[in-house]
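In order, the protein sequence lines correspond to chains B and Y. Under the numbering used here, the letters of the first sequence match residues 1 to 305, in that order. Under the numbering used here, the letters of the second sequence match residues 1001 to 1305, in that order.
Treat the hints as calculated values from the structure; they're not laboratory data. Hints are not guaranteed to be accurate.
[Said to hold, decoys possible] Beta-carbon label-pair distances, calculated as ranges:
no.: 1; chain 1: B; residue 1: Val91; chain 2: Y; residue 2: Pro1115; range: 21 to 31 Å
no.: 2; chain 1: B; residue 1: Glu260; chain 2: Y; residue 2: Thr1224; range: 14 to 24 Å
no.: 3; chain 1: Y; residue 1: Gly1063; chain 2: B; residue 2: Lys88; range: 56 to 66 Å
no.: 4; chain 1: B; residue 1: Ser116; chain 2: Y; residue 2: Ala1283; range: 30 to 40 Å
no.: 5; chain 1: Y; residue 1: Pro1115; chain 2: B; residue 2: Ser285; range: 50 to 60 Å
[What the hints assert, rightly or not] Stretches of chain Y that chain B covers, calculated by requiring three or more beta carbons in the stretch to come under 8 Å of a beta carbon on chain B:
no.: 6; stretch: 1091–1105
no.: 7; stretch: 1154–1166
no.: 8; stretch: 1234–1242
no.: 9; stretch: 1258–1264
No experiment lies behind these values; they were computed from the predicted model shown. A virtual CB, placed ideally from N, CA and C, is assigned to each residue, including glycine.
There are 2 protein chains.
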Amino acid sequence: MKKYKDIVGDGGSNIVAQVEAQHARLKARLAAVRHVVAIVSGKGGVGKSSLTANLAAALAREGAAVGVLDADLNGPSIAKMLGVRGMKLRVTEAGVEPPVTAQGIRVMSMDLLLPSDDAPVTWDATSQVDSHVWRGNMEANALREFLADTAWGSLDFLLLDLPPGADRLSTLAGLVPSLSGTLVVTIPTDVSHLVVKKSITVARATGAPILGLVENMAELFQGTGGEALAAEFGIPFFGSVSFDPRLAVAADAGVPFVTEHADTPAGRALLEIAGRVRATLDAPSHSRPLTSSPLPSGERQEPDR
Amino acid sequence: MKKYKDIVGDGGSNIVAQVEAQHARLKARLAAVRHVVAIVSGKGGVGKSSLTANLAAALAREGAAVGVLDADLNGPSIAKMLGVRGMKLRVTEAGVEPPVTAQGIRVMSMDLLLPSDDAPVTWDATSQVDSHVWRGNMEANALREFLADTAWGSLDFLLLDLPPGADRLSTLAGLVPSLSGTLVVTIPTDVSHLVVKKSITVARATGAPILGLVENMAELFQGTGGEALAAEFGIPFFGSVSFDPRLAVAADAGVPFVTEHADTPAGRALLEIAGRVRATLDAPSHSRPLTSSPLPSGERQEPDR
C-alpha cells in the first residue's frame, strides 16, 4: 500500500522541520480568502459532500471565486463530484495549482494524490497495528499541507468538506483560526439528529459561528424535521433539500446538480441555501477585510510534534 | 464538555498501567466468543449500523448468542437502533454488564456512557487544538476497554459496527487478532464504490477474510450495482437490501426491522444475508473451538503508549 510519504514525495518528509515555514504560508494563503466555511455533520452519508459541491457551484454561478478543500482524507469524494478526478496537479513556484472545474471552482483533495481507486491513505507507522498512534497527528499535518501548499489564490469562499465524526472539526479549527463559520447538515431521522447534536456542541466550542442548519433527503424519511432541531439549538434553519435521485447521478457524473437542474425543487433549495450562506457571511458582523492577517503573530500557534 | 476520563471514572485514569491486565482480560473475553465480525464500509451513511442491528436480530432469532459493540465512538447509533438507549450499565465483579435488548442481544456503546444527546466524546488533551495528537490513541484505548471490560459472556457472534473511514479497521484488527472476518457494505453509487474500494484494500491487509459484500438502498440510486463491485474484487456477494423507509423508522423506534417486518423484500434479504454470514463462519475453514485462546501468548502484542 502507498504511504502518505510516498505519495507526496518531499512534501511529506521532514514534516516537523517544515512546520514553521508552513505556518507562515498558511497564514498568507488564508489572508487572501474572504470566508472559510466548514461543512460538518458528524453523521456520514447525509449528503455533506453533495451539498458542498452544489454550494460551491451555486456561489460560483453568482460570480464568486470559490475553492473547495476535501478534508475527508479517508473517503474523499469531492474531486469526483466536481469532475476533476484524475486531473494532474501542477507544482509551480506559488505552490500546487489546484485543478479548476468547468464552473471555475478550485479543488484540492487527497483523491488527486492517490494512484488508484482502491488505494487507501495509510500512515507511515512501524506497522498498521500501531497506526492509530500516528493517525490523528498525520491527518492534521496533511490538512495543514493542503491549506498551506495549495495555490488557492484570492477566494471569496473556501469551503471545507469535513469527514464524518463529531471530533474532526476541533482539529480543523485548530488549523484555521480564521474560520468564518460552520454549516451543519442533517437528514430527517432521530438517529441522524442524535449524532448531529454532538457536532453542534463541537462546532460551538470552536468559537466560529454556526451559520445555519441544512436538511438533506427531506421527504425520504418520516422522522423529525431539521427545522425543529435548528429551533431546539437556536440555529438559523437554512432550508430542506428534497431527495432527488439525480443528485447522486450528478455526483457520479461530476457535474454539480445545480448546474444542470437549477429549476427543480432540490435545485431551487440549494440555490436559496447558497444565498443564505452568502448573505450571512456578507453581513457586517462577518465581513473581514481582504488584507487583514487571520493569525495575529504568536497567537493560537499550535504545538507541533 | 465531558471528557472521556470524567465519563468512565477510574477506568479511564492511569490507562497505561492498566494495559497489561487489560490485555489478559481482552484475551479471556474473546476466548468465549466464537466469531468476531467487523462491519465496515469506509463511506458513512450507507446503512452500516442498520445492517449490524438487523443481522444481530436475525442471528438471535435463530437462537444464537449475539453481542454488538458500537465501535463508532463519535457517532454512536447502535444503542438507539436496538432500543437500549438510556439503560443503566451495571458494574459487577465480572465487568460491565451490557444492556440486553428484547431480542436478547448484548449491546455496548459509547452512547450508554454519555450524559446527554448533545455531549460529544472529547479527549483529555491540553486543549482541543492539539486533541488530534491524542485522538487516535485514545480511541484505540477506549475500544480496548469496551472489548476487555464488558461482561460479554459466551457469544456465538460479536458484531463490531465500525465508524466511517477506511482507516479505522486497522486499529480494530490490531486490538482483535482473532477477527473472524469483515463484512463490507456499500450503496449503488460510484461515489460510494470509490470509497468502499479503499476499505476493501484495508480489510485485506488485516489478514482476516472478507466474508462478503452487502448492498444497501438498492433501487434508490441508479448507479453501478454492488454485485459488479464484488465480482471486480473477487468477494462473495451476500445480497441487496431494498430501500424501505420503514428501516429508518425501525431504527428510530429501537426495534430491529427484521423483528417486525421479516416478511418484506428488505426483511427477507436481511435474513438471507444473516444466513450467509452464519454459513460462511460455520464452514470448517472458519470454525474455532470455544476453548481455544485467540491470542497465543506473546504474539501480536501491540506496543502501547
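Checklist entry - If you look at each residue in the stretch 1091–1105 of chain Y, do at least three have a Cβ nearer than 8 Å to any Cβ of chain B? => result This one is violated; 0 residues, fewer than the three required, reach chain B with a Cβ under 8 Å.
Item to check | Range hint compliance [Cβ, Val91(B) to Pro1115(Y), 21 to 31 Å] | outcome: violated, 49 Å
Checklist entry - Is it true that Glu260(B) and Thr1224(Y) lie within 14 to 24 Å of each other by Cβ? => result holds, 20 Å
Next on the checklist: If you count the residues of the stretch 1258–1264 of chain Y with a beta-carbon closer than 8 Å to a beta-carbon of chain B, do you get 3 or more?
Outcome noted: violated (count 0)
Checklist entry - Is 30 to 40 Å a correct range for the gap between the Cβ atoms of Ser116(B) and Ala1283(Y)? => result holds, 32 Å
Checklist entry - Does the Cβ-Cβ separation between Pro1115(Y) and Ser285(B) fall within 50 to 60 Å? => result Roughly 33 Å apart at Cβ, these two residues miss the hinted range, so it is violated.
Next on the checklist: Can you confirm whether chain B covers the stretch 1234–1242 of chain Y, using C-beta to C-beta distances below 8 Å and requiring at least three such residues?
Outcome noted: That given contact is violated, which follows from only 0 residues of the stretch 1234–1242 of chain Y lying within Cβ reach (below 8 Å) of chain B.
Checklist entry - Checking C-beta pairs, does the stretch 1154–1166 of chain Y have three or more residues closer than 8 Å to chain B? => result holds (count 4)
Item to check | Supplied distance hint 56 to 66 Å, evaluated on CB atoms of Gly1063(Y) and Lys88(B) | outcome: Given range 56 to 66 Å: holds, Cβ gap about 57 Å.
Consistency note: the structure conflicts with the earlier hints numbered 1, 5, 6, 8, 9.
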